[in-house]
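Note that the protein sequences, when read in sequence, are chains E and G. Adding 199 to a residue's 1-based position in the first sequence gives its number in the working numbering. Adding 199 to a residue's 1-based position in the second sequence gives its number in the working numbering.
Everything labelled a hint here was simulated from the structure, so no lab data went into it. Heads up, none of these hints are tricks.
Take a look, some chain E residues computed to stay more than 10 Å from chain G by CB distance:
hint, residue
1, THR284
2, GLN311
3, THR556
When the alpha-carbon atoms are kept at most 25 Å apart in a straight line, the in silico DMTMM-like pairs for lysine to aspartate or glutamate are as follows:
hint, chain 1, residue 1, chain 2, residue 2
4, E, LYS225, G, ASP525
5, G, LYS519, E, GLU230
6, G, LYS225, E, ASP449
7, E, LYS204, G, GLU517
8, E, LYS225, G, GLU517
9, E, LYS434, G, ASP363
10, G, LYS225, E, ASP525
11, E, LYS225, G, GLU408
12, E, LYS434, E, GLU366
Chain G stretches covered by chain E per the calculated footprint, using a threshold of three residues with CB under 8 Å from any CB of chain E:
hint, region
13, 320-334
14, 514-523
The beta-carbon is built from N, C-alpha and C at its ideal position, and this holds for glycine as well.
The chain contents come next:
Number of protein chains: 2
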Amino acid sequence: MNTIKIGLFGFGTVGQGIYHVLGQAKNAHAEIKRICVRDLSKPRSAAVPSALFTDKPEDILDDPDINLIVEVIDNPEAAYDIVTTALRRGIDVVSGNKTMLARHLPELIDLQRRHNAALLYDASSCGSIPVIRNLEEYYDNDLLLEVKGILNGSSNYILSRVFDHGESYSQALDRARQLGFAESDPTFDIGGWDALFKLIIITVHALGEYVAPERIFTYGIQNIHDADIRYAREKGMKIKLVAQVAKVSDTAFTMFVMPEFVGPEKYIYSVDDEYNGVVIRGECYDRQFMFGKGAGSLPTASSILSDIMARRHHYRYEYKKMAYLDRPAYTTDVTLRIYARYRTTDIPAILPFRKITEMYISEGSNYVIGDIQLSDLIARRSELDAPDIFIANLSRFFSDRDVSR
Amino acid sequence: MNTIKIGLFGFGTVGQGIYHVLGQAKNAHAEIKRICVRDLSKPRSAAVPSALFTDKPEDILDDPDINLIVEVIDNPEAAYDIVTTALRRGIDVVSGNKTMLARHLPELIDLQRRHNAALLYDASSCGSIPVIRNLEEYYDNDLLLEVKGILNGSSNYILSRVFDHGESYSQALDRARQLGFAESDPTFDIGGWDALFKLIIITVHALGEYVAPERIFTYGIQNIHDADIRYAREKGMKIKLVAQVAKVSDTAFTMFVMPEFVGPEKYIYSVDDEYNGVVIRGECYDRQFMFGKGAGSLPTASSILSDIMARRHHYRYEYKKMAYLDRPAYTTDVTLRIYARYRTTDIPAILPFRKITEMYISEGSNYVIGDIQLSDLIARRSELDAPDIFIANLSRFFSDRDVSR
Chain E
200 MNTIKIGLFG FGTVGQGIYH VLGQAKNAHA EIKRICVRDL SKPRSAAVPS ALFTDKPEDI
260 LDDPDINLIV EVIDNPEAAY DIVTTALRRG IDVVSGNKTM LARHLPELID LQRRHNAALL
320 YDASSCGSIP VIRNLEEYYD NDLLLEVKGI LNGSSNYILS RVFDHGESYS QALDRARQLG
380 FAESDPTFDI GGWDALFKLI IITVHALGEY VAPERIFTYG IQNIHDADIR YAREKGMKIK
440 LVAQVAKVSD TAFTMFVMPE FVGPEKYIYS VDDEYNGVVI RGECYDRQFM FGKGAGSLPT
500 ASSILSDIMA RRHHYRYEYK KMAYLDRPAY TTDVTLRIYA RYRTTDIPAI LPFRKITEMY
560 ISEGSNYVIG DIQLSDLIAR RSELDAPDIF IANLSRFFSD RDVSR
Chain G
200 MNTIKIGLFG FGTVGQGIYH VLGQAKNAHA EIKRICVRDL SKPRSAAVPS ALFTDKPEDI
260 LDDPDINLIV EVIDNPEAAY DIVTTALRRG IDVVSGNKTM LARHLPELID LQRRHNAALL
320 YDASSCGSIP VIRNLEEYYD NDLLLEVKGI LNGSSNYILS RVFDHGESYS QALDRARQLG
380 FAESDPTFDI GGWDALFKLI IITVHALGEY VAPERIFTYG IQNIHDADIR YAREKGMKIK
440 LVAQVAKVSD TAFTMFVMPE FVGPEKYIYS VDDEYNGVVI RGECYDRQFM FGKGAGSLPT
500 ASSILSDIMA RRHHYRYEYK KMAYLDRPAY TTDVTLRIYA RYRTTDIPAI LPFRKITEMY
560 ISEGSNYVIG DIQLSDLIAR RSELDAPDIF IANLSRFFSD RDVSR
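Put together the whole structure using the sequences plus the hints.
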């Protein structure tokens, strides 16, 4: 087995983490040969030889000595250019860019096949939790029923501060920003997009099906209000931002990202702070629960290192489930029971509930609980962004039917 | 890819589970061609064609059409004969027999190499939790520090009944027997042997080191007494039967199986009933926690199916870490803080404590808490079986030094 010679794109917190972790991993037989950064003039740690740096992608892409590209830059468009160029040239790639992957997976899978190059991206979903590799390799028969979890550490940190430490939502968001858990524009995390992109990648490996982001209902926690928190507390529950994909019949599955009321009997109730937790449910093994740090420089770097080592042993995703003959089809024709809190917007007029089970009207705020088709939520999606509205899932429709967790 | 044609040894609960699960897995491309049982005259389910059964191992071993042997018999000696014969003939094997594996792994690894045959056994450790595959593939760099967990479902079920449901130990054991969680001779489970064998297998894949069972301190829960349960409750803790392997320095690791006082801040505190839970700790990713059903017909069968599917894709364990140059060495020269409860046996005279931090003497029972070398515990192992003695781990010596869980 040869030494892996790495061309690294990006030297932010994750890139620096990789440099650090590779320095520690004595048996890795992998070395960073070149690092491509956007701004060469930026001051760098003295521990990293300045000769490693370049600002020209070709210095890596054209170097025949480099046999693996590791891409950890923020910009999804630039990442797409690097990854597709590398794959077309038959160079293997490790990437952590979930936005880019979630948007372009079908093309990237096709490029891997046509150019016999491998793209690994376990680090893109849930940081150090090996979800993708396990779905691809271990839960690789058609008995898988559901993958559900907390996939975004920043929003979970905020909700955890609110529910476990009694902070207000805005206090919690400020603290998350101070600690670097939330971006200056936190929409990517708290709007549910980060969790959505991870869910799309997970679904490719869970069920062999790619669903484009715009077809999936995604609703974040940015409109959460004291009234919602009070309501959850009264019921002994927490609100968590949950991503899930689940088979709803032998031939169909659904998926979405939205806040959910979670009681203490659920595994994900105890997933606090910046942690991620994923429940994988199958017909025979019931439930598996995986839990770990979902983000951060070193956990992500360590996950990238696992991908690098996997390439050293010629591992590649086989996308076996995409070849199955009886793949389930994506459906939004499922009934969800939701909680919708509103003030001035006339929610009962906007949302075509099939059944309303509870309604509360007061001077400060109102809410309605009822059954609605997921397709109707998608159709009214833009109206639900009004700042006086918050909706959350209360469904127990598939995974919770027969078992308690 | 060809269809996997399976020769199945054993048709107890796990064997029947495999038959059931394979029938459900439409994309498995695997079929059971022959089933070897000890007693042909035993009545079998009408759903299984009687022509499948044989009582002659050669009917499977000599069949050139069979390309995978799945061995799920109880008897470790018979399992050893089947597995070694198959490997010598270059036939791949999937086995769930932890006793056989823990005793013979070095030879079985050697046979795999010499005869270019693969032996997979993820089902042998923690049933449906993919611990071995993850250690082998994902946590495959030398940053791994510790693997610690509840590896035996039966003993955990009993302790769970005691601590969560207020039953006495003997009530709980009776209930476990009634539910089929404990054998008529439960020593294998409650004596810690099942957990030990799993720990040995895990250690080969975690650190690349094989340690024979007789070199490892193993202490079960059979002597647990109301006084111990009361002591734990007073401190807000539970007693769990914990198996662990941990690096204690850059060059050394230790391992043992013993009861441990576990507080609610630990992940494994919440692993109840017949579940298993494993914490994997690394330098960069901190902690991963995996949780799931550790035993039972269908979870185990489902895990066996994952191994069968892995062989269909030519997967084999690489035992990469065994080739590392700087593998840590096994040591028992570590200090543990233990609780030792006794009545007539003179524990302070038997155990050479380096330091005693607490001592309690009463008419009913006595205990001492103090620091002792693991090697001294091993040297006095046989004396600790006296029925009036119970010892449990209170150490916080490596994994708990710097972090709370």
